[in-house]
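Chains as they are written, first to last, in our numbering: chain A, 5 to 825; chain B, 5 to 825.
If you are wondering where the hints come from, they were derived from the structure by calculation, not from laboratory data. Only true hints are included.
Just so you know, same-sequence chains aren't split out, so a pair can sit in one copy or run between any two.
With a Cα cut of at most 20 Å, we get these calculated EDC-like pairs of lysine to aspartate or glutamate: (1) Lys-450 x Glu-474; (2) Lys-67 x Asp-285; (3) Lys-663 x Asp-321; (4) Lys-409 x Asp-692; (5) Lys-450 x Glu-473; (6) Lys-738 x Asp-753; (7) Lys-653 x Asp-304; (8) Lys-664 x Glu-474; (9) Lys-405 x Asp-294; (10) Lys-808 x Glu-698; (11) Lys-346 x Asp-294; (12) Lys-317 x Glu-400; (13) Lys-497 x Asp-753; (14) Lys-709 x Glu-698.
2 protein chains.
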Amino acid sequence: MSTVDGSQVESTRILTRTRLFPFPNLGMASLYKHLRVHQIFGANTDVGKTILTTALSRASAAKKFPVFYLKPVSTGALDDADDRHVTRFGGKASKLIHAECLFQYDEPVSPHLAARLKDEGRVEVPSDEIFIKSVAQRIRDHARKSGKAAHMYVETAGGVHSPALSGTTQIDCYRPLFLPIVLIGDSRLGGISSTISAYDSLVLRGYIVDAVIIFRDEYYRNWEYLTEYFKERGVHVSVVEPPPPRHSDPTEDAKATEAYYESVVSPDIVNGVSNIVDYLDVRHAVRVQDIESMPQRTLDTIWWPFVQHGTVKDPKDVTVIDSAYGDFFSATRLNNERDSSKSILFPELDGSASWWTQTLGHAHPSLTMAAARASGRYGHVMFPQATHIPALRLAERLVHKGPGKGWASRAFFSDNGSTGMEVALKMAMRAYTQRNGAGLDNESKKRLGVLGLKGSYHGDTIGAMDACEEGVYTCEWHDAKGYWFEPPSVGFKDGKPIITVPSSLSTTEKAHTVPAKSLSWIYDVEDRLHTPLARAYALYVSRALESIEKRGQKLGALVIEPLLMGAGGMIFVDPLFQRVLIDTVRGRRSGKSTEWSGMPVIFDEVFVGLNRIGMESTGPLLGVNPDISVNAKVLTGGLIPLCVTLASKSIFNAFLSDKKAEALLHGHSYTAHPIGCEVANETLAQIDKLEKSEEWTAAKGKWDKLQGEGERSKVWSLWDPQFVSEVSKLPKVKEVMSLGCVLAINFEDDAAGYTSSFAQNALQSLKEPSPEAGMSAAPGGAPYGVHYRTLGNVAYFMTSLNTKASVIRSIEDKIWSTIGN
Amino acid sequence: MSTVDGSQVESTRILTRTRLFPFPNLGMASLYKHLRVHQIFGANTDVGKTILTTALSRASAAKKFPVFYLKPVSTGALDDADDRHVTRFGGKASKLIHAECLFQYDEPVSPHLAARLKDEGRVEVPSDEIFIKSVAQRIRDHARKSGKAAHMYVETAGGVHSPALSGTTQIDCYRPLFLPIVLIGDSRLGGISSTISAYDSLVLRGYIVDAVIIFRDEYYRNWEYLTEYFKERGVHVSVVEPPPPRHSDPTEDAKATEAYYESVVSPDIVNGVSNIVDYLDVRHAVRVQDIESMPQRTLDTIWWPFVQHGTVKDPKDVTVIDSAYGDFFSATRLNNERDSSKSILFPELDGSASWWTQTLGHAHPSLTMAAARASGRYGHVMFPQATHIPALRLAERLVHKGPGKGWASRAFFSDNGSTGMEVALKMAMRAYTQRNGAGLDNESKKRLGVLGLKGSYHGDTIGAMDACEEGVYTCEWHDAKGYWFEPPSVGFKDGKPIITVPSSLSTTEKAHTVPAKSLSWIYDVEDRLHTPLARAYALYVSRALESIEKRGQKLGALVIEPLLMGAGGMIFVDPLFQRVLIDTVRGRRSGKSTEWSGMPVIFDEVFVGLNRIGMESTGPLLGVNPDISVNAKVLTGGLIPLCVTLASKSIFNAFLSDKKAEALLHGHSYTAHPIGCEVANETLAQIDKLEKSEEWTAAKGKWDKLQGEGERSKVWSLWDPQFVSEVSKLPKVKEVMSLGCVLAINFEDDAAGYTSSFAQNALQSLKEPSPEAGMSAAPGGAPYGVHYRTLGNVAYFMTSLNTKASVIRSIEDKIWSTIGN
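My request is simple: use the sequences and hints to build the entire structure.
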């Protein structure tokens, strides 16, 4: 590739790894105040991308802006038709334009094929990660070089979905950069369709489409139709005169082409390329202004959940999330001292998995497609006495093959974990009063309590709150009904797994710890059922129940978060205690029976279920099944609210009669909304794939190694056992524990509890992107900050189910360098 | 168009309206057991649609199936390249193939242009409605004609988004028919991209894509890439040999073409067209089987809300909703006597607007695009102390320009109306106890009540239930806290608007009715403030409050559904009573103050808000604003759950402090999920357009006419005032009332109340599609049933905000013919 004045521009072939390091300061979604960058996508191949990108570059240069024209990949045929154009940075402006190509192939085929054909496949094809980092590097370089306002155009190859070098289609491959788009429309026959479809594809990936540019073809007049079509959708369409036909005489051709460019970029032409450049500048400025104004506007109008607005008043305390991809937000916070040569946006690890919802990474295309498919087919449809495929398929999956396998009979849909727990409580209480109704008057039914554990949390609606002790999460109407045991818990201390038995349960009346031979042994519930501790648990529970009965308090349901209580402080409960509790409550019931006994048992698996802690459901590990269970959060892959409450036949039967008023009179308008159900089905299918993935096998292998030769660990985590062990040895750390995606660090703090800010302070420096040696694990390789949440003196970190090992190792390093000394 | 044996097939030019009538029995989404229909879309123009549709037709015929090959629209150029192919129904099989074209144009341009160019625009271009009905008619004709198994292929023109005759792109135009799709891929350079983008577009409209067929091009090898790509997405790809190059000698060419078809349709070729036909048969059979098995499977696994499963046990009682479009489901119920020549699916009017959610019709493309855009950009992201454009824009719209205008300061997000009401109650109770805390111990705070109206309903979570009286909607933990007034109500009786004053409020101690000069006058609250009735209301309310105070009952909030109480029985409350109630509770507070006084006032506008009853919010009509209000349902246009609770500054301030535990500790994981917020923003933008629409102007005009010359009615409805008036004269009807989208018919019934099945029985026959003279108002023109819900002795009907007048008139006719005699 050369400029018209003959000087060679860099034409880099396959870049080696060494040439790409280091990336001291790249943005994931790069956004610079002074450097406006647009990515040029084509509605198809041969629609004039190169011609129009050249025209845009020349128009920018004519306005005295330095221009960077980057064509990351070029293949022979893709450019053949445009050869005479790409070199036309003629005239006075040419010196302002710097053109570059990163990967060039001579074969006139799609980039992924070209890359494979290259040197008969002997050259390694760069991965998406490397490729994106190389593009990000160029953007950063240019942002640094141009001290003043500048423009950059990144031209893609072929159509939006043409495969990139790795084979991923470009639209997905470039997505981490999240550059705003100029779409070059197709002016030929069929071009209306291909232009709109390309736009559809861009929308499905969340891109900002700033403008559509199309040649004026007076025969097909696609521009006419498309201008109207996109106007309705708020997208600006610019119409540009097509280039002259090719002249047989090269000199004449060069002259004609030059004249063409001179004419289309002329500022005198209304709606010409010069105007488009101005328009793109405005869009860029508006976006930057929007981002800068958002913190204050948010403080003015938004009322956040769980935030004390009295202490969050500074716009600098507000994180603007401009987009998200994989495990990372592309975010910013106002910072007066910010170096203007740096990207406004930086990658921030979503360290709480967006309040425990994120499952497969943000903006996962297959979940977006599932949402679109259901929205396009149904929207929402009425559910009572009706059925639709997404809901039925999901119900069947959960009841027969998922967490309900072996015990559940029915699926009831609601909108979130809290409402699903209210449904569960209504089910349990009705079943209980129906069987024990003789002794219960109306007032007693209202006062019926639950049996649970201290530290439980089941949601923020009053009914769900009433199943938990009063504590910090409270409000005027919260009226806790029940009895809650202080539970023994599991964790690592000084590199060893221990069980902490609370004072209430201890013979010495002080809390004490019990060392365990291994973590896996702690979770081998069947094996431990005959230990002295099991007998102590059973005795303790029986006595408490007797004393409750003596007091005359009626309890109608046992409600637990199995294995891990989340919002209560990431408490990993000794599974043996929960097993003994259930067995004791149920008394003797035949092993295979699914008839509830004693009182209905509810598993709140909203947080722990569907593999968040490394298992689909907790029943198999505990060796007992619930009568009712609740799944949400992971259920929809981190996209939208949906909840399913599963129930056994014996619970369902409690509502059967011939009277309408005796039915379960609970139903939200959007019950079983098809979008949620379809997204859930897709999520579960993706999780099935992960079950067989190398990443999971490798992570499980590390935990197996803690066991004897050839033995499998009962539990596992995506976090490294060695790391967990080392952190547990730190003096400021009280305990550490990890299962599945969850890592919880319990700090030593006298003022423990929800209102403690110890953990928050201890990890403060994780928030800011810190420079790393070499490139970071974030897409684009920029230094990244960590967005984490704490629960008093407990800091926790939660990955997606598919977070890559390299990202997790990187977080472990960051945590270690923050607290490891 | 002619077959190869020279016989002319029908080549209909612009069909006139008369030729299209009547449509006695068309399906909306047609699905026949014996007739398999597939629609053929192309990834672009000139990709081989006609060749492959011809091959499919010949392969079907070779298997002895009668084949109907329908090309609804044909334009010159689109077919030029395929001329030699479309005529090749040669050989023995030809007699089984019937080919037809409905609209043929010679101009080689896009159909919408061709239609406009035709006879210099003198011929009327058929509307989408007429066009779709003409296609539906052909499908029905063929289904009837072919007594046995048959195949039909409907070939489209150009690419998926090529404009149809009306200018709507084909993908949207054909959507009401919801035919399963065969997508012809593009084997040329750039074809990977155009094929995937076309698929994206089809998914966005919810289409079932049964297969992709693509020519084997050994140079670009798109088939190789696409086979893998679509396999991951569960879509079958078939690769077919391309046709031979055109021979200069016509005889040779015909011979070569014939040989080509013979070879590709041969059953001996593995993965050839013959196999595709078998595969499509399987897909069709599976779909039919799925639909037939769904009712029983649903009865086996689903637990419905508000349904007594003890009385719904027959699979015939389950409605399968296969897809939905506009105001209609495409649905079916098992019916042993069904005529097999009729479509399995029939249109069913969504008469409850899918439990009051449906706003712009099912599967509205702009809402799907909004959902896709946000999903692609963010997925869900963490909200506390963070912000993103969709949430901030929605909050600003609602607080400053929407229902919060003039009084609200903040927006708090939750997941549905019920949770949003719990948030509202938590806000109000805290504000109340904070100001009046001195006299309240912990137990009193738990018992703090609300002031409300009998018949209120605020959702199914316990907190929302506790703000309502105990009644039918009850459960074990429901513990109603408060005092509820019996409200005066508004309706039409014997053609005249009346106010019904309940016995508790009546001087005669019996309920009595007050005639009104007009409906508009009833809603002229300011005008009525000085009437004797207003004074009577005020006296009644004051006395009740005094008596409550004497009893020592503490009330912390006034909670009302303004103007219309939905779930309680569609009770249209006299607005004057609500105004007086609010004024009395607030006592003297300066007109402009937004400081709450007396007790915080909550407007539950979940159902009535955002134009469901013809106004964005009820404050302006009532002449008073709330301190807290709640919006949901319409908010997201009938797509997914989302709720916003708005609050005034004085409410917000009650939570401000330096203590985290005093913040509003309520937050769902998916708080302010970007998809919901973006869909809400799009919904509100669409409603803004409707505000200026001809349909609304016309409907309002009818209600204005009830007033004096030039006067505007204070209220209006999409339902015809004349119809409302006539129904109110029927002897079996107690009262009728209508506002906005809502029509409520209150039947005379001694056993009134939720458990009454009077209304359900009175309208039973509406459910089944009844034959109409001519075509129906449903897309495709088939007879349609009405899916309606009742609340005891009240039947209600609810349209979308954009339901067409023609559809509403048609429903009115149906209702009239059911109960009007």
